[in-house]
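*Asks:* Protein sequences, first through last, are from chains E and H. Note that the numbering used here numbers the first sequence so that position 132 is 132, with each residue one more than the last. Note that the numbering used here numbers the second sequence so that position 54 is 54, with each residue one more than the last.
Check each hint, because a few of them may be wrong.
Quick list of simulated restraints, FRET-style, between CB atoms [said to hold, decoys possible]:
hint, chain 1, residue 1, chain 2, residue 2, range
1, H, L328, E, G160, 49 to 59 Å
2, E, L12, H, Y121, 29 to 39 Å
3, H, L114, E, Y264, 18 to 28 Å
4, E, R172, H, D209, 31 to 41 Å
5, E, G265, H, G257, 20 to 30 Å
6, E, V63, H, L222, 52 to 62 Å
7, E, G121, H, G333, 47 to 57 Å
8, H, D209, E, Q185, 24 to 34 Å
Just a sample of chain E residues kept apart from chain H, beta carbon distances all over 10 Å, derived [as the list claims (entries may be wrong)]:
hint, residue
9, D123
10, D142
11, Q162
12, L278
Source of the hints: derived by calculation from the structure; they are not laboratory data. We put the beta carbon where it would ideally sit given N, CA and C, even for glycine.
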Amino acid sequence: MTIPVELFINALIAGILLGGFYAAVTVGVSISFGILDIVNIAHPAFVILGSYIAYIVNQRLGVDPILTAIMVLPAFYALGAMVYQVYYVSFEKRGQEALRGLAFFFGLLFVTEVTLILVFGVDYRYVHAAYIDQTIRFGAFDLPMRMLIPCVIALMLLGGLQLFLTKTYTGRAIMAVAQDQMALQLMAADPVRIKRIAFALSIATAAIAGALLIIIQPVEPSVGREYIGRVFAICVLGGLGSLPGTVIGAMLLGIMESLTATFYGPSWAPAVAFGFLLLTLAFRPSGILGR
Amino acid sequence: MRTPVFIVASLIVAAVVYGLARLAGNDYVFFAGYVILQFVVLATAWNILGGYCGYVNFGSAAFFALGAYTTVALVKLPNLAAKYLPEGLASVIAAAVPPPIPVLMLAGGVIAGLVGLGTGYLTLRLRGVFFAIATLALAVVLQTLIVNWDYVGGSRGAYVIRPQVHALTGINYVEYLFVMMLLLSVTALTVARAIERSQLGYGFATIRDDELAAEASGVPTLRLKLVATTISGALMGMAGAPFPYYIGYLEPASAFGLAYAVNSIAMPMIGGTTSWVGPLLGALLLGTLQQIATVTISSAVSLLLVGLLLVAFVVIAPNGLLGLFDKLRQRIGAARASGGNARTGAA
Numbered sequence: 001m002t003i004p005v006e007l008f009i010n011a012l013i014a015g016i017l018l019g020g021f022y023a024a025v026t027v028g029v030s031i032s033f034g035i036l037d038i039v040n041i042a043h044p045a046f047v048i049l050g051s052y053i054a055y056i057v058n059q060r061l062g063v064d065p066i067l068t069a070i071m072v073l074p075a076f077y078a079l080g081a082m083v084y085q086v087y088y089v090s091f092e093k094r095g096q097e098a099l100r101g102l103a104f105f106f107g108l109l110f111v112t113e114v115t116l117i118l119v120f121g122v123d124y125r126y127v128h129a130a131y132i133d134q135t136i137r138f139g140a141f142d143l144p145m146r147m148l149i150p151c152v153i154a155l156m157l158l159g160g161l162q163l164f165l166t167k168t169y170t171g172r173a174i175m176a177v178a179q180d181q182m183a184l185q186l187m188a189a190d191p192v193r194i195k196r197i198a199f200a201l202s203i204a205t206a207a208i209a210g211a212l213l214i215i216i217q218p219v220e221p222s223v224g225r226e227y228i229g230r231v232f233a234i235c236v237l238g239g240l241g242s243l244p245g246t247v248i249g250a251m252l253l254g255i256m257e258s259l260t261a262t263f264y265g266p267s268w269a270p271a272v273a274f275g276f277l278l279l280t281l282a283f284r285p286s287g288i289l290g291r
Numbered sequence: 001m002r003t004p005v006f007i008v009a010s011l012i013v014a015a016v017v018y019g020l021a022r023l024a025g026n027d028y029v030f031f032a033g034y035v036i037l038q039f040v041v042l043a044t045a046w047n048i049l050g051g052y053c054g055y056v057n058f059g060s061a062a063f064f065a066l067g068a069y070t071t072v073a074l075v076k077l078p079n080l081a082a083k084y085l086p087e088g089l090a091s092v093i094a095a096a097v098p099p100p101i102p103v104l105m106l107a108g109g110v111i112a113g114l115v116g117l118g119t120g121y122l123t124l125r126l127r128g129v130f131f132a133i134a135t136l137a138l139a140v141v142l143q144t145l146i147v148n149w150d151y152v153g154g155s156r157g158a159y160v161i162r163p164q165v166h167a168l169t170g171i172n173y174v175e176y177l178f179v180m181m182l183l184l185s186v187t188a189l190t191v192a193r194a195i196e197r198s199q200l201g202y203g204f205a206t207i208r209d210d211e212l213a214a215e216a217s218g219v220p221t222l223r224l225k226l227v228a229t230t231i232s233g234a235l236m237g238m239a240g241a242p243f244p245y246y247i248g249y250l251e252p253a254s255a256f257g258l259a260y261a262v263n264s265i266a267m268p269m270i271g272g273t274t275s276w277v278g279p280l281l282g283a284l285l286l287g288t289l290q291q292i293a294t295v296t297i298s299s300a301v302s303l304l305l306v307g308l309l310l311v312a313f314v315v316i317a318p319n320g321l322l323g324l325f326d327k328l329r330q331r332i333g334a335a336r337a338s339g340g341n342a343r344t345g346a347a
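Same shape as in the complex, but just chain H:
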């Protein structure tokens, strides 16, 4: 399938998903669906660096939070402008704020992408392990900065008031956020799929399989790794940008929650890291499972479930569900072939 065809196909699927969600006639579907879609984006973004290049990012929460706090910073801009800028300019800014969600997503994406680029530049020249540890560090540094930054609420957190309905379309605002996240998921999946089939993707694969050999045969490994970190970080930031509107009250502990880091690793690992289908599959399955477990048991138990599944999968099924499917298909194929032989033998 060519990329334009894929975009059309996935938009149709997205429209069907939206239609079905509307048919359910319950706002909770949008609340829960938003979280699952957010994980689709995060898992896909993580996989661009983790699955394609083989570099582990433990700091998904940091990139996600960067997007979320970019939104908070932009929404609070009029307060700052009223204090320091001349009145005319301040009223211009007040009129432009809050910007629409797609603009916020772009802004969050740019900031998170730049931070990804910077982190990558500092650490990607070393062994891969150091990058992983540095991303762990990044999350804590950023959280400390945010906690000490009063403008975005500091440790107390910040309120972002969610309108009841979206002004342009007249639909419920949560529903609108759901649609935005749905479109972002389509974007993320398209990007991941396009990378997989491009020269860029082959470059990433050489890094994953044998970086030294790739370097020796002239693959510009550092530049490719920086591209991957930037794209991956930007998508995570975009996923975080609408979050303040969704949650209504953003505090550092929730924006930097370990759940984001764990989920964005566990979902691709469980789904399968070799193709864009894996993170999607993992996010849909784990996301739904967590929503159900959170409602019926407790959120702590649902997190425990994710952790246990992650450990179990990396130990028992290293290639995730996709690997299991492949094995199953091979086994069926082999059984069919041997069954055929037996029949011809009997005849």
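Just chain E, with the same shape it has in the complex:
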């Protein structure tokens, strides 16, 4: 089979743009699972929640979804802090995070999804913004704005977080809590407080990822489930807790999915992420950038 070059390059571009967006969805899990060791499988549900908030505000007031996301950041931050507090008191303190902590997040995922179904139904929702229908063309190659803008915002988000984690006191404390809680305590920083801040931040990123998601595609409550496998595949592939690794993993997955969808049909795309995850877990559990 000869592969048409233009089709191939277009699929490649679409994959890179998609990958950028996947990085935004994954970065929250990279922080909570990768750095803090909290297996927050409910993260995609928070992303969908962000999508629905962007949808409501966009429909009622016509506000741009990304602007809405930035405005609700504090609310998501507070939500994250609350969830962590419950998690800490109920599981981490008792040392029961393995079994019951997982069940807790699974329950949260499920409750959020069903509540959204009860309130909004299972219809696909979408947003309006001037740029969504535009496409930049370079000869035969397309750069659809509804993919390009999420990708750019996502990379800005990851860049900002990487700067925060490596340059500020709190950020470095977050990286430290992953390595040695005791040492952090000796440096007069409260590990629980640092973890709360980090987890709250991870949930806050879901607000932005949610807005990006609803720009890219129409959203219904159970869309989040497809992202569980994706985010963990990327997270593991990128080497747990490394943000540059997250971007690389996300781009790889985006490209693979886009090529699969282009050449084998979109119905096979969901299996790519999971196949990736299973293979990574089986053969290289420390990820590509892992030590």
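Fit chain H to the supplied structure of chain E, relying on the hints for placement.
*Replies:* Positioned in the frame of chain E, the structure of chain H alone reads:
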């Protein structure tokens, strides 16, 4: 109680349940009862890996669907045989199909057990969390495969025609399915209880409590985990095998429904994971509650209820209803003891 005695006792209980269901004189009892019993099997199966070993399986729906689709694949075998095999062989296959429900259950159990073994082999050498995530992944991979597999109906789904009555016994077919599921529940509970009291069960418990220490003292942890995953997966597949006959029309979205995954976690968690009684209790309570809520309110609300109960229980009562009972018993015991002391003090 020894295992043979337990089997006899539970068969008697099963007979009483069946008798009572017949007395109700309403086919709906069998329809609803089947679903509840199916959850008894799923919850018990989940608990063998989750409760005894401490490994969370989010992919119950995948194992369940494997059983269901094994049945579909077997039932559709004559079509395939007529196309590719010589006529004599094809007619032999056509005569053997559809196989009776117990055979279908065995077939579904074998397939699901093998997939459980394979998944376990790929991921159980890593930290437990990775196994949990991999099972989530497994559900989606399998669903994608089924959606793209035309032989079993693809995304359109497949019809499996349910006979009106069961030929051998002459009873209504749903009633027959109910009895089969009742017997499978007895089997699952017996297996779970036997494991709990055997060396195998103690091995599982060491993994749950401290895997590193178990490994260090010579417990073959990987082999035990693989045994648990295989048994658990096989039972889930067996629970799924009669499902196409029950529902009549099987499509990937219903076979892989998130409700199975949530329920098989929520039921043991709410009942209590330390003993076979917990999943049974949880499944009976939650199953009945959901049937009532589905009929009186809506199925979405009944699912929400399960989710909320799951979150509430893991936060407030980490050892489930069994844990609550234990606490209550201790408190009553303590009250009695202190009451006795007070009386002797007064005398």
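*Asks:* Each hint should be assessed against the structure and marked as holding or not.
*Replies:* For each hint, the structure was consulted:
1. H:L328 / E:G160: 49 to 59 Å: Holds: the Cβ-Cβ distance is about 52 Å, inside 49 to 59 Å.
2. E:L12 / H:Y121: 29 to 39 Å: holds (35 Å)
3. H:L114 / E:Y264: 18 to 28 Å: holds (26 Å)
4. E:R172 / H:D209: 31 to 41 Å: holds (36 Å)
5. E:G265 / H:G257: 20 to 30 Å: At 24 Å between Cβs, range holds.
6. E:V63 / H:L222: 52 to 62 Å: At 54 Å between Cβs, range holds.
7. E:G121 / H:G333: 47 to 57 Å: Cβ of E:G121 to Cβ of H:G333: about 52 Å, so the range 47 to 57 Å holds.
8. H:D209 / E:Q185: 24 to 34 Å: Since the Cβ atoms of H:D209 and E:Q185 sit about 27 Å apart, the hinted range of 24 to 34 Å holds.
9. D123: holds (14 Å)
10. D142: Non-interface label stands for E:D142: nearest chain H Cβ at 27 Å, farther than 10 Å.
11. Q162: The claim holds: E:Q162 sits with its nearest Cβ about 24 Å from chain H, beyond 10 Å.
12. L278: E:L278 not clear of chain H: closest Cβ-Cβ about 6 Å, inside 10 Å.
Hint 12 alone, counting from the list given before, is not met by this structure.
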